[in-house]
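Chain B: place on chain A using the hints.
Below, each chain spelled out in residue letters.
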Amino acid sequence: MNLVVLVKQVPETTDVKIDRETNTLIREGVSSIVNPFDMYAVEQALRIRDEHGGKVTCISMGPPQAEAALRETLSLGADEAILLSDKAFAGADTLATSYTLAKAILKLGEFDLVICGKQAIDGDTAQVGPGVAEHLDIPHVTYVSKVEKISDRHIRVRRMTEEGYDVILSSLPALITVVREVGEPRMPSIKGTLRARKAQIATWTAKDIEADEMMLGLSGSPTQVMRIFSPEARPGGEIIEGDSPCEKAMNLLARLKASHSI
Amino acid sequence: MNYFLTEEQEIIKELSAKIADEKIAPRAAEFDETEEFPWELIRILAESDLFAVWVPEEYGGLGGGVFEQCLVVEELSRACAGVAVSYAASALGGFPILMFGTDEQKQRFMPDIASGSKLAAFALTEPDAGSDAGNIRTTAVRDGDYYVLNGTKQWITNGGEADIYTVIATLDPSKGPRGMTAFIVEKGTSGFDFGKKEKKMGIRSSATTELIFNDCRIPVENLLGREGRGFLIAMNTLDKTRPGVAAQAVGIAQGALDKAAEYAATRVQFGKKIGEFQAIEHMLADMATQVEAARSLVYSVAWMIDSGERHITKASAMAKLFASDVAMKVTCDAVQIFGGYGYMRDYPVEKMMRDAKITQIYEGTNQIQRSIIGGAIIKEALRRK
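In order, the protein sequence lines correspond to chains A and B. In this note's numbering, each residue carries its 1-based index in the first sequence increased by 286. In this note's numbering, each residue carries its 1-based index in the second sequence increased by 7.
Possibly wrong hints are sitting among the right ones.
To be verified - Mimicking DSS-like on lysine-lysine, the simulated pairs with C-alpha atoms at most 25 angstroms apart in a straight line are:
hint, chain 1, residue 1, chain 2, residue 2
1, B, 364, A, 477
2, B, 20, A, 484
3, A, 477, A, 341
4, B, 25, A, 484
5, A, 477, B, 25
6, B, 206, B, 364
Because the hints were derived from the structure by calculation, they are not lab data. In this text the structure is predicted, and so the values were computed from the model without any measurement.
Here chain A stands alone, though its shape is the one from the complex (with noise of 0.2 angstroms):
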């Protein structure tokens, strides 16, 4: 089984600073980490390898030093890594990204699955694993906290719903965004962190993956940012009671007229 795992190399916090002139994310002077959320996508994809054989291949596209996130992820056990680093690929927004990701998974050759971080913990869109799903015309799901079955030709999972999950079979290859209830990310072994220093990590250019230049980087960047913020916490609902529907009806009338909203 071939197994892609797209990787983001964040800040090593949950409070991000903003660049209020560029509206980018200001990463000098924060040490650097895996996206946590891409740990679980690694943990998953090593799962289904060391039960059902094949290769775990994990792909970033960064600056030349988010080749430390790829080291990381040799040193849990993966088996090659993939770094996209291209001046072209700079100040993508998510459609860029996921664009110029799915030109290097493309160029991988054959692959059965793709899994990702349900989001990254700075840019929070959860767009990038949708997105690269569009572009290679598979299917997706997101926000899954586990992985039933997956068979040569078909994948079972649960997607996490705000009441529960709904499980969902799809055909091979897709895409898949996890959440961290598919387990805690393993340790590093030694012989796999000596193994991850020695490894040679291979650089790809927008030649390489044999992209549109138009559509990567900032040329394929519609997205305009006009302001980052933190969204209000909304206030908790409240459940109209009364003994059969209609009285809860009557209930809800009520309360609207005494507010004034009818």
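Frame of chain A; chain B shown alone:
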């Protein structure tokens, strides 16, 4: 201080520290309370290759030695000495096989010890043979292709949990140390059972049990070394593993120092951080200096052993003696700095103080260490005359 570790040693230290901080420390109080054997944590250590660090590559290890083992033990001990001793005791059980086993025995047992899929243990102590190790009463009698073991071992670390036991018995109690012989006994052997599990002051997550031999038949292939060499095997093993106990002491002391320093830097009394009072500041200075001195001695001795130096008994005893006394003092001082909070189980330092005490006692009490060191000094003086 910079000890100029090699790249591989740095990796071992960093990984051990990561596991200690992320996996062990959050659960140390829980295991201390329940006295359950921390198998989950032991498995993490195994999967991370930590049991392999001191085992030669030909037996599935990473080719390090006592020094690498000490690095692991020290880091784990910062978080929980109970977990650390369970790890270290496997080396204590494995070293005699590595040092005195036949190639066949090493091929048979070492790969499982290196992978951590099996734990090892070392069984010497008996009710009447503690410091006086030559006084053991567990007997071995040759019967055809077997030795038949009878007797009871006491306070065996990893007892019941380990699969591979290096057991010292005697072929002839009247011969004292010269009758002592070492055997490898596997869990599940008929006539080999486990008795009482001790309730201890500290290192409570570790297992300490009796081993009971009742007409236990051991195949002759499991004789370790030669008949009559058991005492020598035991003493040579302890020479190699005492730096591990010393490293455990350094780790406990470092853990307590870190906690005390954090507390002193934040606790406010009389409108000031208590770390700004000279009384506390000087305590911390002494603690840190003692820990660093102990670490330097332990590392030096471990290096010396790994470099192949043959006369290691005195130095090995010094490392264990000094580091364990430092651990006791530093953990007591850490509790003192925490004041009333330090005495409460909600805070981590009282456990460290309880854990530290055993390092002054096991693998030879510190009084025995002083006798070893003193005896060696006199012998050297006589040789110079």
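Hints, verified against the model:
The straight-line distance between the Cα atoms of residue 364 of chain B and residue 477 of chain A is roughly 35 angstroms, outside the 25 angstroms bound, and the hint therefore fails. Pair hint residue 20 of chain B plus residue 484 of chain A holds up; C-alpha atoms about 18 angstroms apart against a cutoff of 25 angstroms. Of the supplied pair hints, the one linking residue 477 of chain A and residue 341 of chain A holds, its CA atoms being roughly 18 angstroms apart against a limit of 25 angstroms. This hinted pair checks out: residue 25 of chain B and residue 484 of chain A have alpha carbons roughly 21 angstroms apart, not beyond 25 angstroms.
Restraint check for residue 477 of chain A and residue 25 of chain B: the C-alpha separation of about 16 angstroms stays at or below 25 angstroms, so the hint holds. The suggested pairing of residue 206 of chain B with residue 364 of chain B holds, with an alpha-carbon distance near 15 angstroms, which does not exceed 25 angstroms.
Hint compliance for this structure: hint 1 alone is broken.
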